[in-house]
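Fit chain B to the supplied structure of chain A, relying on the hints for placement.
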Amino acid sequence: MEPDDLLVCERVTKQFGALAAVKELSFAARRGEILGIGGPNGAGKTTLFDVLSGLNEATSGRVLLDGRDITRAAPEAICHAGIARTFQLNACFDSLTVRENVQVGAVFGRAASGLPGLRPSAEAEAATQEALALVGLADKGDVVAGALPVLDRKLLMLAGAMATRPKLLLMDEPVGGLTHAEIDLMMETVRRIKAQGVTIILIEHVMRFLVALSDRVMILHHGERIYEGPAAGLARDRTVVDVYLGEGASARLAALLPEPAP
Amino acid sequence: MEIFIQVIASGLTLGAMYAVSTIGLALVYSALNMLNMSQGALLAFGGYVCFYAMETLGLPAPVAMLAAMVVGGGLGLAIYLLVARPMLGSPMFETQIFIATIGIGSVLQSVVLQLFGPQPKAQPLNVPGGVSLGGVVVPWQSLLILTIALAMLAGVAWLLGRTRAGLAIRATAQNRDAAQLMGIRIGQVYAQVLMLSGALAALSGIMVSSLSGLLPTMGADPMLKAFVICVVAGLGNVPGAAIAALLLGLLEAIIQYLFGVQYAFAILLGLVIGVLIWRPYGLFGKRQVVRL
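Sequence lines, in order, name chains A and B.
Number 694 marks the last residue of the first sequence (our numbering); no jumps.
Number 819 marks the last residue of the second sequence (our numbering); no jumps.
No wet-lab data here; the hints were simulated from the structure.
There may be inaccurate statements among the hints.
[As the list claims (entries may be wrong)] From the structure, some residues in chain A lie toward chain B, with a derived Cβ separation under 8 Å:
1) S485
2) L487
3) E508
4) H512
5) R517
6) L521
7) F525
8) E532
9) Q535
10) V539
11) G541
12) R542
13) L550
14) R551
15) P552
16) T596
[Stated by the list, open to error] Interface residues of chain A toward chain B, partial, derived using beta-carbon atoms under 10 Å:
17) A509
18) A516
19) L528
20) G537
21) A543
22) A556
23) L566
24) M589
25) A595
All figures in this text were calculated on a predicted structure; none of them were measured in a lab.
Positions of the beta carbon are idealized from the N, C-alpha and C atoms, including for glycine.
Here chain B stands alone, though its shape is the one from the complex:
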């Protein structure tokens, strides 16, 4: 029982962290048909901004998190204005933006390396201690991550489902031409989506680094997992991505417990291949890619 609670707690924490960065990717893909390969670098950037704000500027944790998200959103906006917008008209947009964002990612990673050096650093945003649940000590840190992630997911769901901006995002993701013809300024939608995705990446980076520390390359692994989750859910399916993230997080924790950490990613990828053979458009995908 104790082990069960421990595995569930760590699985949910993992899943919640994945979910935050995955929905960012899924949103951008569904609205722009853009695979954002700089997501990993955005993650790291967010983690380091939080580190800098707390450690060097001495700001309180919530302010530091907010600052990281604002910087992440700003980077998202810059990616839209400087890279995505000039390419949008091209028939090769999907390939071009894929390659361009790989470039953006390495530039951002180099900037982090230049500013903070290659040594690992500890994320100062850390809550010590834990709470006893059914005889098991669950770290406050995990609970905090879970709470923030769920709040953020709820916030995104509210934004998409209940606001005018969300209506525009969903309509654009579904049918770009029709959305434009009904008066939606899709340039604004794209900018909003990339900003939101950048802010979510920063938040996700803070969470990841609070568990495993800061490294300029820390974003690579979460980004890879986010892509895997997106593909499993069906590319561009946002609610599906959140569910798949939680499921895969749990699965990873269970595999880690049963077989050991070194097998987790391999078994996960094996399962994903199985899912894709069984359902080529993803668990929640439909043949005629109905997005969002």
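Isolated chain A (complex conformation):
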């Protein structure tokens, strides 16, 4: 393990019956980077997140966060250890207000220190405010989450995750279903989070988003890695073009990418 690796996966396998959704996968996320994960539907991307966040225990292999083994830890313990996650689909607490949604992360996201108080601590309140401001929802604190439009829900999930003050943020398709302008806004938000020193692993099909943000990209197929490296190499990688992008998309992707360095 390199000293600048925050998260290390060693030969992680997740088996559902006869099907291996994730197969002997080893990779690392370096401190402060954005690692983008792509791949066709059913490649095991979300399953990988389920394993990392503790919702679904790995069949075999090890997951280390900051050198600490979290492979068999419960989801709340993994959250306390410093991993936060957003979902592809709406996973807000719909009947709670925007502020309460974020408070959940702020109050419970760090392992409780001392006696459980009745009210959120001053520190938790500050974290709530900060997370709301980070995603630009500060003026919607009293709105019930269920009434929010799609973009705001995604931002709210992000705020809730950030309120837990994570070291590592897992984002599962943060811009699925968003418009071009909304994608740009999300991109800005993710850059602000990165600037705070949070390491990010993001799953995304929208290549424009993935390519613009990722320091490195990993492409999965049938639970295995078929590519890992700079985004610039994607359009030139034969396997990636064949199993994931297709010729048309690769041409469009190539147009997005800067000229490869000689």
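Same frame as chain A, now just chain B:
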């Protein structure tokens, strides 16, 4: 006018009693997806603990009530630790816990029978006399029940709406996975909810028995009504359950007055069937069961 006041007073008293035990059921269902069939036995147990504390130990009424609620909460915790927690991981949890709690209920009822015998007993917690309201005498007992029930409902609303524990309960009820991922220890939430529900059942048992006396089987009828109310409100909808309880209590009192006691439950159930045909997810329920 006099009769009107009388009917309203007795309807509100009934409704308030129902509400206390119903929100206990609704909380447990919304947080754990667990139908607690031992609720009726918990009710009876609470009533008998209060009886024992006052009659045998000679404790003052408030202490006896508190003792009953503590015992109820303890039973709730025991149900969580010994029965619910080992089953939680199972994909058949809802069915298993349903059957298991029926078992717990009969065990508790047998314990009560063994300890106190099958003869009916009077609940010593009784305030004689009444107060004259617009020419009608409303018993102090009814007013006391109403006051305690409303205070308890307000307390639960405060707990759920204004405290950290309440935030955790609401978040867990809404989305278990997301709650866990945001660091909530859901095991603690489940334990808290079952303890709270047990304490509310005990309190409800004291109220019911102060009107109709103590019997080991006394919990069956209030539990059935609590379930009916939960279903009418939309399973797991806590504020809805409180409102539905008051409405059904009033309705029951009106039916009792107009048609007689023997028809009350039948007509009530008829109306409930109507409501469920008209709104299958309950009066306050939504299709995509938004809980709490």
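Could you check if A516 of chain A really has its C-beta closer than 10 Å to a C-beta on chain B? Hint holds; A516 of chain A Cβ to chain B Cβ min 7 Å, cut 10 Å.
Once the shortest beta carbon distance from A543 of chain A to chain B is found, is it less than 10 Å? holds (8 Å)
Using the nearest Cβ pair, does A509 of chain A come within less than 10 Å of chain B? holds (9 Å)
Does H512 of chain A meet its interface restraint, that is, does its C-beta lie within less than 8 Å of any C-beta in chain B? Given a least distance of 6 Å, the restraint on H512 of chain A holds.
Given S485 of chain A was flagged as interface, is its beta-carbon under 8 Å from a beta-carbon of chain B? With a closest approach of 6 Å, the S485 of chain A hint holds.
So, G537 of chain A near chain B? Judge it on the closest CB pair being under 10 Å. Interface hint status for G537 of chain A: holds (5 Å vs cutoff 10 Å).
Is the interface hint for M589 of chain A satisfied, with its Cβ closer than 10 Å to some Cβ of chain B? Interface hint status for M589 of chain A: holds (8 Å vs cutoff 10 Å).
A595 of chain A as an interface hint toward chain B, with CB separation required under 10 Å: holds (8 Å)
For the restraint on R542 of chain A, tell me whether the closest CB of chain B is nearer than 8 Å. holds (7 Å)
Do the numbers back the hint for Q535 of chain A, that is, is its least Cβ distance to chain B under 8 Å? holds (6 Å)
Does the nearest C-beta of chain B fall within a distance shorter than 8 Å of the C-beta of R517 of chain A? holds (5 Å)
Is the shortest C-beta separation between E532 of chain A and chain B less than 8 Å? holds (6 Å)
Comparing the model with each earlier hint shows violations of hints 6 and 23; every other hint is respected.
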